[in-house]
Amino acid sequence: TQLLEQSPQFLSIQEGENLTVYCNSSSVFSSLQWYRQEPGEGPVLLVTVVTGGEVKKLKRLTFQFGDARKDSSLHITAAQPGDTGLYLCAGRVYKLSFGAGTTVTVRA
Amino acid sequence: EAQVTQNPRYLITVTGKKLTVTCSQNMNHEYMSWYRQDPGLGLRQIYYSMNVEVTDKGDVPEGYKVSRKEKRNFPLILESPSPNQTSLYFCASSRKGTGVETQYFGPGTRLLVL
Chain A
1 TQLLEQSPQF LSIQEGENLT VYCNSSSVFS SLQWYRQEPG EGPVLLVTVV
51 TGGEVKKLKR LTFQFGDARK DSSLHITAAQ PGDTGLYLCA GRVYKLSFGA
101 GTTVTVRA
Chain B
1 EAQVTQNPRY LITVTGKKLT VTCSQNMNHE YMSWYRQDPG LGLRQIYYSM
51 NVEVTDKGDV PEGYKVSRKE KRNFPLILES PSPNQTSLYF CASSRKGTGV
101 ETQYFGPGTR LLVL
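In order, the protein sequences belong to chains A and B. Sequential numbering from 1 applies to the first sequence in our numbering. Sequential numbering from 1 applies to the second sequence in our numbering.
If you're looking for bench data, these hints aren't it; they were derived computationally from the structure. Careful: at least some of the hints might be erroneous.
For each label pair, taking beta carbons as the anchor points, the in silico distance ranges come out as [unchecked claim]:
hint, chain 1, residue 1, chain 2, residue 2, range
1, A, 17, B, 54, 24 to 32 Å
2, A, 24, B, 98, 18 to 26 Å
3, B, 30, A, 108, 40 to 48 Å
4, A, 28, B, 57, 21 to 29 Å
5, A, 28, B, 61, 21 to 29 Å
6, B, 63, A, 38, 26 to 34 Å
7, A, 13, B, 26, 34 to 42 Å
8, B, 112, A, 52, 23 to 31 Å
9, A, 38, B, 22, 20 to 28 Å
10, B, 114, A, 52, 45 to 53 Å
11, B, 114, A, 81, 33 to 41 Å
For every residue, glycine included, the Cβ atom is placed at its ideal position computed from N, Cα and C.
Build the full structure now, drawing on both the sequences and the hints.
Printed below as a string of structure tokens:
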């Protein structure tokens, strides 16, 4: 059983559309990170959130940490083909655990 | 350039033949770890090291060994590989292991055990 559940598992959208991926758990996290992994490469950190209710923006990406620090979401506005990749969330309870990821495909 | 390097990138071997995957980082990071990535299971930690000569088991340590004799290197050893160790392996490093620092990942090693 995964400590962090990510949904959806797969997401395919047209360029210009918006998308949201979710990361949920029954555990309270002291911090939560989002990574993006492209084929043939290792994950690359996008953001770290530590405060319940925190919202961070990175260009067209908006990250939100739930008030209770049990869940998080990643919203991409006007997706582009360059956003294609595997999005992983990672949360720390007493150690860092990763979700299984959401594979996002943005079609041109 | 700050980076984590792994070698080899691809490896095909047979059951029982000992192998080592090397990992090196040039950022003077104290914390290093090994993960395996399998479809539907995400990244699972195998072993980690808080500093030189300090290593500890992660979530899936069975069948693996590590050593940390130097700060920059953290090799992963499979003494007797089995087919269930076929996977994509990542080495990572960070300044510390508190979960708020940036963890830098290597490019991955794809291992096939026949």
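A quick look at each hint next to the structure:
no. : hint                      : verdict
1   : 17/A to 54/B: 24 to 32 Å  : violated (47 Å)
2   : 24/A to 98/B: 18 to 26 Å  : holds (23 Å)
3   : 30/B to 108/A: 40 to 48 Å : holds (43 Å)
4   : 28/A to 57/B: 21 to 29 Å  : holds (24 Å)
5   : 28/A to 61/B: 21 to 29 Å  : holds (26 Å)
6   : 63/B to 38/A: 26 to 34 Å  : holds (29 Å)
7   : 13/A to 26/B: 34 to 42 Å  : holds (38 Å)
8   : 112/B to 52/A: 23 to 31 Å : violated (43 Å)
9   : 38/A to 22/B: 20 to 28 Å  : holds (23 Å)
10  : 114/B to 52/A: 45 to 53 Å : holds (49 Å)
11  : 114/B to 81/A: 33 to 41 Å : holds (37 Å)
Hints 1 and 8, counting from the list given before, are not met by this structure.
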